[in-house]
Amino acid sequence: MALFRPVEGEVVRADLTAPLHTLTFPTLELILVTGLSWMLIGWLDQPGMYTDPQLRNAVLVVWLLLACWRFVLPLLKARRRRFVVTDQRLVVRAGEFRSRTDSIPFRDIRSVQRRRSGIFLAISGYDRPLYFPDVPRAKRVAALIEESLPPTPTRYW
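Position 137, counted from 1, in the sequence shown is what full-length UniProt numbering calls 137; the numbers after and before it change by one each time, with no gaps.
None of these hints come from the bench; they were simulated from the model. Small disclaimer: the values here were computed from a predicted structure and weren't measured. Treat the hints with care, as some may be off.
[As the list claims (entries may be wrong)] Derived Cβ-Cβ restraints for the label pairs, each shown as a range:
# : residue 1 : residue 2 : range
1 : L44       : R80       : 47 to 55 Å
2 : I41       : R98       : 31 to 39 Å
3 : R56       : R100      : 37 to 45 Å
4 : L130      : R56       : 49 to 57 Å
5 : I41       : R13       : 44 to 52 Å
6 : R128      : Q54       : 52 to 60 Å
7 : L75       : S103      : 19 to 27 Å
Even glycine gets a Cβ: it sits at the ideal position worked out from N, Cα and C.
The task is simple: from the sequences and hints, build the whole structure.
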């Protein structure tokens with residue numbers, strides 16, 4: 001996350017990327033595409049059968065494109081996703097290539113809730129909570145955020 005630099009005196013408490021289980025299905029797809037493609041290439045290269053080398057190269061190009069589209073792109077997106085908790089703010093970046101880095105100061109967070117591996121943040125000025133799916137160690141991160149929130153004044157009516 002090249003755009004994130006802690007300010008003077010700021011302590012990073014948690015710096016997390018997407019969990020590895022988000023790459024389970026892309027890995028299985030890569031294995032399937034590789035197996036099918038190389039079985040087809042083996043069939044094209046069998047002895048006694050003449051096929052055009054262009055056809056074999058086309059199968060290789062299709063395999064390469066599918067491998068990049070179904071594995072390399074999800075891998076890069078998962079590694080770009082960041083969730084950083086400091087002692088002053090929360091810094092979040094989505095996994096998209098042109099995504100911006102959002103910084104949410106703790107004074108603007110009203111409450112935090114965890115549901116499974118996602119985190120809901122109630123932010124001042126927003127009528128609906130923000131949802132961050134697939135946060136690694138969501139329970140620990142929610143507890144860190146909850147600890148860092150400033151105390152709310154008690155109102156007596």
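| query | Hint by hint, which ones does the structure fall short of? | reply | Violated: hint 1 alone.
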